[in-house]
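With chain A fixed as given, assemble chain B onto it according to the hints.
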Amino acid sequence: MTEPEPLPDIRIGTSGYDYPEWEGVLYPKGIGRREYLGSYSQAFGSVELNFSYYGMPKAENVRTLMARTRKPIDFSIKANQALTHKVDAATWQDSVAEFSKGIEPLQEAERLCAVLLEFPYSFHYQDNERRYLDKILKALSSFPLVVEFRGADWFNARVIDGLKERNVGLCSVDVPRLEGLPPLSDLVTSDIAYVRFHGRNEATWWNGDSGTRYEYLYSKDELSTWVPRLEAMSTQAKKVRVYFNNHRRGDAPANAKDLVALATAAKLI
Amino acid sequence: MSSGTILHVNAIGIMAGLEEGFNRSLRGRPFVVANLDAPRSVVLDLSPQAHREGLRRGMVLSFARNLCRDVAVMAPRPELYIAAEERLWRIGLEYTPTVERAGRGHLFIDLCGTSRLFGAPEDAAQKLRRDIKEEIGLSPSIALSTNKTVSKVATRVFRPAGFVALSPNEESGLIRMQPVGLLPGVGPVLLGRFGLLDIDEIGDLADLSECEAHAIGPRGPELVTRARGVDTSPVDPEPPERRAVSGEVVFEPDTADPEVLRLRLEGLVTELGFTLRKEGRGAKRASVELGYTDGMRSFGAARIARVVARDDELASMAKTALEAARKRRVRIRRLELRLSEIE
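Taken in sequence, the protein lines are chains A and B. The opening position of the first sequence corresponds to residue 14 in my numbering, with each subsequent residue numbered one higher. The opening position of the second sequence corresponds to residue 846 in my numbering, with each subsequent residue numbered one higher.
It should be emphasised that the hints constitute simulated quantities derived from the structure, not laboratory data. C-beta atoms are modelled at their ideal positions from N, C-alpha and C, and glycine is treated no differently.
Ranges of calculated distance between the beta carbons of each label pair, as one might list FRET restraints:
#1 A:Arg-171 <-> B:Ser-847: 20 to 30 Å
#2 A:Leu-191 <-> B:Met-1141: 41 to 51 Å
#3 A:Arg-213 <-> B:Met-1141: 42 to 52 Å
#4 A:Asn-74 <-> B:Arg-914: 46 to 56 Å
#5 B:Gly-982 <-> A:Val-38: 34 to 44 Å
#6 A:Ala-103 <-> B:Trp-934: 53 to 63 Å
#7 A:Leu-191 <-> B:Pro-1098: 56 to 66 Å
#8 B:Phe-867 <-> A:Arg-171: 31 to 41 Å
#9 B:Gly-899 <-> A:Arg-262: 46 to 56 Å
#10 B:Lys-972 <-> A:Ala-103: 50 to 60 Å
#11 B:Arg-961 <-> A:Arg-213: 15 to 25 Å
#12 A:Ser-155 <-> B:Thr-1100: 51 to 61 Å
#13 B:Gly-899 <-> A:Ala-278: 37 to 47 Å
Capping the alpha-carbon separation at 27 Å, the derived lysine-lysine pairs in DSSO-like fashion look like this:
#14 A:Lys-114 <-> A:Lys-151
#15 B:Lys-1123 <-> B:Lys-1164
#16 B:Lys-972 <-> A:Lys-280
#17 B:Lys-978 <-> A:Lys-280
#18 A:Lys-270 <-> A:Lys-42
#19 B:Lys-978 <-> A:Lys-177
#20 A:Lys-148 <-> A:Lys-177
#21 A:Lys-270 <-> A:Lys-280
#22 B:Lys-1164 <-> B:Lys-1129
#23 A:Lys-251 <-> A:Lys-270
#24 A:Lys-280 <-> A:Lys-84
#25 A:Lys-71 <-> A:Lys-151
#26 B:Lys-972 <-> A:Lys-251
#27 B:Lys-1172 <-> B:Lys-1129
#28 A:Lys-251 <-> A:Lys-151
#29 A:Lys-99 <-> A:Lys-71
#30 A:Lys-270 <-> B:Lys-972
#31 A:Lys-233 <-> B:Lys-972
#32 A:Lys-251 <-> B:Lys-978
#33 B:Lys-978 <-> A:Lys-233
#34 A:Lys-114 <-> A:Lys-177
#35 A:Lys-71 <-> A:Lys-114
#36 A:Lys-177 <-> A:Lys-151
#37 A:Lys-114 <-> A:Lys-148
With the rest of the complex left out, here is chain A (with noise of 0.2 Å):
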């Protein structure tokens, strides 16, 4: 008798969990803000933090979070701006010593999934970002990586070449189709697929702030068809992380459920 194919380690979960219009949506309510933690590990099996993008992740906080789980879930955790958005020429590489440093607990502890490296739209496809890209490239090469980048101009031969060189996952992304961003996408280039879902929202795209542009609930029949992607990409990589990004309302954890029952219907997890 052949054995059992092993299921692929495919988690899904949400891009940030510290929210409090989701109590009653995915948390109960009133249960406070420390609780948020232990109560989404209950739900989902891994979380991308996206506080360290705003500020510098410390050491000390990163495990008292690790503490607060109630189950073993493992993170991403999103690169600080001064790494992908504001970089400074003078100061960038102190910032990397000071984010890794921040972040080692989560690696020592084996927990560490991915470093995601988001990079806006307005970073090109030019002689000086692409230098910059491998020089952040190698200065965090100790952990495991993950490049977004939010302008199509990127999604050549020659980038993904040096992506599976380097064993650097591209993100692959579900935004509205509009003209400039990441084409309709999947690829694994590295040991880990990783999938962003900001939500289709055109009209708010450019002309919304960060909080209107991701404000979508995706139906069920659009994340349906992500499921034989996700089949594809497991049969690929290692591991698999899907991360929904649209967290207003709590649309985000409502979709994250959504797609872990059509995974597991589909006996994916």
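Relative to the frame of chain A, chain B by itself:
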């Protein structure tokens, strides 16, 4: 923005993919498919892990083994690969009759008019991707756009096993930035010429003027048009054997002897000419592809204005194509003759 309907399925590495599917112990290991009995065997196909070790298709097996000591070698099983290709084609036919077999592991499928049955083209593409995985165990690259050229470039970028769906607005931007070697029709010879002309990306080629396009060679204007993302050729469901007939000879040992090449070429002409005449058909074009000892390939073609079917006329056209293909003084391992534009 909605995606185009021309789907390219690119099951590159079909031999290695199938071998891995049949032998689970190969998963995650470097291995190649090669004929161990041949005196100067070359790598026919390889696993992604072997590719990471620096091994390549067409590499001499002994050299490949020196590069990667623990590489496993699997003997080729042509019957298995042919059956898988047949199944791949039949899966495509379950979606639409407009399926073109475009070489080993390659299909073009026009999904136009299938949305009521299978949803939007990108959804149909995902269903097809799953069917291929379930029925054959392969994970091909798949790409959607409005034409065959763009879809084919896209599967070469999003490989292996990737997916991309492009709307008309996205196509030109995406293919412009790709290395010019990914454009169908650009082989090693043209690539060398483009290198001298500082044409590195498909966009550089697309920007050439009409006059400059002609200077590249007889196929220059056509290549420039393709580089601009323009390709009006339809998906042709006609079976390949109706579009062209082809045959090949593998020399063991490799040879550079012009007399041997001529004799074997005439043998192929006789064989293919007989096939054509039996059906009352003839060809206007002959093309020859040579595979060299070092894995490089070269290509030559000849065309005449009228359809010919007699052996002497076909042989004359084939010899012109052979002369055009013989560009290197390196021993030849494989010669393929293809007669096309059949009427």
